[in-house]
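Protein chains in written order, with full-length UniProt numbering: chain A, 1 to 258; chain B, 1 to 155.
Take the hints with a grain of salt, since some may be wrong.
Claimed, not checked - Simulated DEER-style distance windows between Cβ atoms: (1) Gln71(A) - Tyr43(B): 38 to 46 Å; (2) Gly153(B) - Leu254(A): 49 to 57 Å; (3) Gln71(A) - Ala15(B): 26 to 34 Å.
Unchecked claim - Partial pick of chain A residues on the chain B-facing surface, computed with a CB cut under 7 Å: (4) Gly50; (5) Ser190; (6) Phe193; (7) Ile197.
These are computed hints drawn from the structure, not numbers from a lab. Glycine included, C-beta positions come from ideal geometry on N, C-alpha and C.
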Amino acid sequence: MDWIQNLGRNTIERFTAIGRATFMLIGAIVAKPNLVKGFPLFVQQVYVIGVLSLVIIVVSGLFIGMVLALQGYTVLVDYGAEDSLGQMVSLSLLRELGPVVTALLFAGRAGSALTAEIGLMKATEQLTSLEMMAVDPLRRVVAPRFWAGVFSMPILAILFSSVGLLGGHLVGVEWLGVDHGSFWSIMQASVQFEGDILNGIIKSFVFAIVVTWIAIFRGYDAIPTSEGISQATTQTVVQSSLAVLGLDFVLTALMFGG
Amino acid sequence: MISKKVELLVGFFVALGIAALMFLALNVASSGMSGSGETYNLYAKFQNIGGLKVRSSIKVGGVVIGRVEEIKLDTEDYAPVAKLAIDAKYNNFPDTSSLSILTSGLLGEQYLGLEPGFIDETVGILGEGDFIEDTKSALVLEELIGQFLFSQGNE
Numbered sequence: 001m002d003w004i005q006n007l008g009r010n011t012i013e014r015f016t017a018i019g020r021a022t023f024m025l026i027g028a029i030v031a032k033p034n035l036v037k038g039f040p041l042f043v044q045q046v047y048v049i050g051v052l053s054l055v056i057i058v059v060s061g062l063f064i065g066m067v068l069a070l071q072g073y074t075v076l077v078d079y080g081a082e083d084s085l086g087q088m089v090s091l092s093l094l095r096e097l098g099p100v101v102t103a104l105l106f107a108g109r110a111g112s113a114l115t116a117e118i119g120l121m122k123a124t125e126q127l128t129s130l131e132m133m134a135v136d137p138l139r140r141v142v143a144p145r146f147w148a149g150v151f152s153m154p155i156l157a158i159l160f161s162s163v164g165l166l167g168g169h170l171v172g173v174e175w176l177g178v179d180h181g182s183f184w185s186i187m188q189a190s191v192q193f194e195g196d197i198l199n200g201i202i203k204s205f206v207f208a209i210v211v212t213w214i215a216i217f218r219g220y221d222a223i224p225t226s227e228g229i230s231q232a233t234t235q236t237v238v239q240s241s242l243a244v245l246g247l248d249f250v251l252t253a254l255m256f257g258g
Numbered sequence: 001m002i003s004k005k006v007e008l009l010v011g012f013f014v015a016l017g018i019a020a021l022m023f024l025a026l027n028v029a030s031s032g033m034s035g036s037g038e039t040y041n042l043y044a045k046f047q048n049i050g051g052l053k054v055r056s057s058i059k060v061g062g063v064v065i066g067r068v069e070e071i072k073l074d075t076e077d078y079a080p081v082a083k084l085a086i087d088a089k090y091n092n093f094p095d096t097s098s099l100s101i102l103t104s105g106l107l108g109e110q111y112l113g114l115e116p117g118f119i120d121e122t123v124g125i126l127g128e129g130d131f132i133e134d135t136k137s138a139l140v141l142e143e144l145i146g147q148f149l150f151s152q153g154n155e
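Chain A extracted, bound-state conformation:
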């Protein structure tokens, strides 16, 4: 009997959490935006979330592009097809690795910080004080962070793919001696703007919504103690990573599967 009761409690908790998360999101984004007051807050958050994530994204992109080129070359050279290296590197980066790895790094770098920040605001009762002063914390604290995350991640993913391509060029062409013209011409012949680049951007846009939403909700819903915040931060990284990987399969099946 006990375990059935546990099951029921867990199910109800999960669904009410989803409900609370949805209400929080609706409260944050549906409210009438105040552009004059809201825009500086948004810019500040783009700086914290986007600009400060730039270094990790660029460095990882460079190394992932380089590793892809190196590994791809060792396989392709057996078939005399090393000229197709550019195609392999560009398609894997634009379709999959760019959006997915960016989302995972973003969850670790910016998502955890968002959760901890909002969780600590709650623990030190700053959110309650805001409400006391008749300032809606959803609009003042949550909304700018959400929009900044959704805005920043696609840019970061585009940068990741571009830097990765340059890394692949560096290893493939400059080091391993793949012909410069074939590298780019086969890439250009096989990459389509709508099919590959735009779909990659749509993917990273979806990931941005999911990761930022989870990060903000975990902070907003955290138990206001130090253990609660540490738990919430862990949950953010775990849940958003799983959500990104699962959604990636669904999106890939929708975009490239049929």
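Go by the hints and put chain B onto chain A.
Only chain B this time, still in chain A's reference frame:
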């Protein structure tokens, strides 16, 4: 309020994103990058270009000397014409030179192999805008198999 530095960095971030998108759109998804250095153009008419592409390389004895710049169809006899951009350093090929479409490796990319011809007093030198007359078309596997089967049937 937010400082000038933050605004500047955010502007820089957005500009960087736009620049990267332009790079992907222009450089990765379509052509646009041209080769470096001085080149001159030659033309060659083929019966069949097979898998030759714009920016495929042109080699003499395995050394890359230029790129295919444009491929179009001659509307009079419906034969493909390739416009070649050859490095200006290599500017004294005789007009008896021949051009063939070759494949690097079994599955590799197709490229143009230029075979320099003989030189005597009556032979001119290829210059800007000249046609290379002696061309060999790409080998199309299906045609080869067809010819093979045909010759087997005759025996």
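Against the structure, the hints:
1. At roughly 41 Å, the beta carbons of Gln71(A) and Tyr43(B) sit within the given window of 38 to 46 Å.
2. Here the CB-CB span from Gly153(B) to Leu254(A) is close to 51 Å, well matched to the stated 49 to 57 Å.
3. Between Gln71(A) and Ala15(B) the Cβ separation comes to about 33 Å, which falls inside the hinted range of 26 to 34 Å.
4. A least Cβ separation of about 6 Å between Gly50(A) and chain B falls short of the 7 Å threshold, and the interface hint therefore holds.
5. Using the Cβ-Cβ criterion of 7 Å, the hint placing Ser190(A) at the interface with chain B is not satisfied: the shortest such distance is roughly 10 Å.
6. The beta carbon of Phe193(A) comes within 4 Å of a beta carbon in chain B, closer than 7 Å, and the hint placing it at the interface holds.
7. The interface hint given for Ile197(A) is met, as the beta carbon of that residue sits about 5 Å from the closest beta carbon of chain B, less than 7 Å.
Hint 5 alone, counting from the list given before, is not met by this structure.
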